[in-house]
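Just so you know, the protein sequences line up as chains P and E, in that order. Heads up, the first sequence stops at 467 in the numbering used here, and the numbers go up one at a time, no gaps. Heads up, the second sequence stops at 803 in the numbering used here, and the numbers go up one at a time, no gaps.
Note that these hints are calculated values from the structure, not bench results. There may be inaccurate statements among the hints.
Cut-off 30 Å, straight-line C-alpha distance, at most; resulting in silico cross-link-like pairs (DSBU-like, lysine-lysine) [claimed, not checked]:
| # | chain 1 | residue 1 | chain 2 | residue 2 |
| --- | --- | --- | --- | --- |
| 1 | E | K499 | E | K702 |
| 2 | E | K657 | E | K702 |
| 3 | E | K657 | E | K594 |
| 4 | P | K182 | P | K53 |
| 5 | P | K137 | P | K182 |
| 6 | P | K250 | E | K762 |
| 7 | P | K250 | E | K499 |
| 8 | E | K594 | P | K53 |
| 9 | E | K479 | E | K499 |
These numbers come from a predicted model, not from an experiment.
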Amino acid sequence: MLSSLSIPTETVNNLVAAIQHEMALYGYQLIETPIIAPADLFLTRAGDQIINKLFTFERHGQQLALRPEFTAEAAYRYTQQDAAIVRWQFAGAIFEDNSQNFQRDYQRLSIGAELIGMSGPAADAEIMSLAACGLIKQGLQHWTLVIGHTGLMRHLLARFRLDTRTERFLLSHINMLCEQGKSVVLEAFDRALLDSRTPHLAAPNADAHLSEVAEVSTYDMLGILLDVSQRNMTMGGRTQQDIARRLLQKRRRLAERQQVIDALDFLEMWGQISAPPDQAFDSIASMIDPDDTLAGKLLDDWRSAVQLLIAYGIDLDQVVIRPHLSRNWDYYTGIVFELHADNGIHLGGGGRYDELISLVGGEGTTPAVGFAYYVDQVLSCIPISSITHPEPIFIIVNQDNQQIAAALAHTLRLHEIPVSLYPHETASSDQTCIIIDKHGDIHADGVRYTSEEIDTLIAALQRVHHD
Amino acid sequence: MTDRVTLALPSKGALADPTIDFLRDCGLRVHKPNPRQYTGSLPAIPEFDVLFQRVRDVVYKVSDGTAHLGIAGYDLVREHPHDDLLVIHDSLGYGHCQLLVAVPEAWVDVQNMADLMEVSLDFREYKQRNIRIATTYTNLARQFLHSQGIHHFTLVRAEGAIEAAPTLGYADVIIDLTQTGTTLRENHLKTLTDGVIIEAQACLIGNYRLLKHKPNLLRAVRQFVEYIDAALQGKQYYQITANMQGDDVEQLAQQIASNPVTRGLQGPTLAPIYAPNGESNKRWHTLTIIVESDKLLPAVEHLRSIGGTQTSAIPIRYVFMEESPTYRRLLQQIET
């Protein structure tokens, strides 16, 4: 199940079992989801990075995908049942297609939890603390919980009145903004959403040109289209109105460019905040209009969720507020968070996704929050002993003693003593070895036991086993 | 018993005849005893058997090891990748085409892939359905569309006459191969500025597993790629012969080599010309030199300017380098 074959399966299973146990303590019920599902389910709100690695294939004309995560399937499953609030946990393989990079590690193991139907800081705090405590209990010592808020960021961006595609573009380029600056993102915006081949759009005096563009009347455009239809050309499923509407939309977007610049100014400041909770929340509050009650409430709820982490035993010194934190999925609508080991390894993350349930067929808005761990990453940061089951005792078996050996092995196992049968030549000298002689007597650790002394043998082996 | 090499070649379609012509020009005439027969031979390399297949099957047959080598379009190789499929030579110099996205000309608002991405969202928003894209190349199409941010689409698998799909109404957009774009224009379709998915031409492919584990085959394979390399290399050059006048042969050689177009592969060769009575004519020399095909006239001009006359040029059939670069790459590929 893991990309790295060097990790013993028992180690993986132990970690999975321990985390599942921790989740069960919070009341999360183990649920199975299909490995294969219609690709549309995952495409609904996946970010570009996820979609580019989505493992898809066609079957009977339907595009299917190997699950890249659990959340979308959990959301769909929620729509198919009646409970208002569910706490579910998942464990299993998730898939990504890295074939473009000549990698062959398509599969990794993930464990996740989803809390669906419950809103507010209590739910957010529960999921974040479950994510952190689940690993702290397994011995994770040096870690940081980074928390952002997609919902507040989107709300504050709404005042710039951008069209949805421009807003989506800016949100998906926020890391580029933080790393490479405003001008690079603006250039990318011009290239992607405006027609960069038209020199005036990128020119500093674009404003002067706007009035000229605005003079291009709708009638002119419709005239062009009318001419097109008179020539009996194909429209490929679109009408003249569709085309005219989009032409107008493109021109409106041109007029939005100053708003885009203003929005980038805001996001640039927003992206600079990365600090401990008290300090960060003060900075965020200073960027919110006092009359904006919704933003105020979102911030208050966010603060409350972070404060609640203390009640779960989480030291806020290990929490960083980074409001622009973005994850690879577009379905997040509220807090988002990631758990990092101090060596930079990304152990897992999640967030609130209140719109996803309705997008996959649910009625109305359903609050939901969840997270997932990447088990291979977790294993590289947690000290877990690789062997937990005791080494088996060997019984040397040959053609003459098969019956006695099998019966003895069975008896020992009934007493919780692990036993393996081995032919003489392959038995390791390092482990306790039982030899049955031609009289049927049993030799173990230099002591001979007759068939009437089995209980004595069991007692002796149990002492060794417990030692 | 000598191991035999099976070479799969296209039996029909745009690559069939050009492939036979290409191999003939390389000195590898294909012998097909009967037009209805699916097998043939390469008299120049007796160890080779030729298997004629539909071009898509050429890729399949090489992938599954039925054939050791094959010639097919690079577009199909990319569309049907396989762990055992090696591209031995990716540009045989014929069968050029592009796999690209084409939309109706009437879509005056759509110039590039970003526009098409928006239109795909419009289809979802206003028509409650996905944009439909007709193509034979579903794998490459899907990868490309996702890489361009187009995530909601329905691929309509189609074979042949795909350009008619938007007019017939079973697709909105097409992704197809085109050589000149004429068929697209005739069907009122246009290309997008950044809508080319791949530039393709005929390529030589091989089965990794067979070539790696049957070294006996490599001698015959080497012969095959030597012919191809030498012929492709030869196409790039002309051999020029000219009579050059000059008292000092070394000075003449310097004048010739002073211009990069007449420098030749190693430098000019000059030989004395003898008068009809057999006496040496010290003022005249014969120049032999190799020049690049597209620099033939500049080379002739330069020779004229330094006293050259009666220049003749002949195409070169083969240029054998110190080793076949394609064979060297093949060995590197199968050693990894």
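Okay, the hints, checked on the actual structure:
For the suggested pair E:K499 and E:K702, the alpha carbons sit about 26 Å apart, so the restraint of at most 30 Å is met. Proximity of E:K657 to E:K702 is assessed by CA-CA distance (about 34 Å); at most 30 Å being required, the pair is judged violated. The straight-line distance between the Cα atoms of E:K657 and E:K594 is roughly 23 Å, inside the 30 Å bound, and the hint therefore holds. For the proposed pair P:K182 and P:K53, the alpha carbon gap of about 28 Å is at most 30 Å, so the pair holds.
Only pairs whose Cα atoms come within 30 Å are accepted, and P:K137 paired with P:K182 is rejected, the gap being roughly 42 Å. Proposed proximity of P:K250 and E:K762 is contradicted: the alpha carbons are some 48 Å apart, above 30 Å. This hinted pair does not check out: P:K250 and E:K499 have alpha carbons roughly 59 Å apart, beyond 30 Å. Proposed proximity of E:K594 and P:K53 is supported: the alpha carbons are some 28 Å apart, at most 30 Å.
Straight-line distance between C-alpha atoms of E:K479 and E:K499 comes to about 14 Å, which keeps the hinted pair within the 30 Å bound.
This entry does not satisfy hints 2, 5, 6 and 7, going by the numbered hints stated previously.
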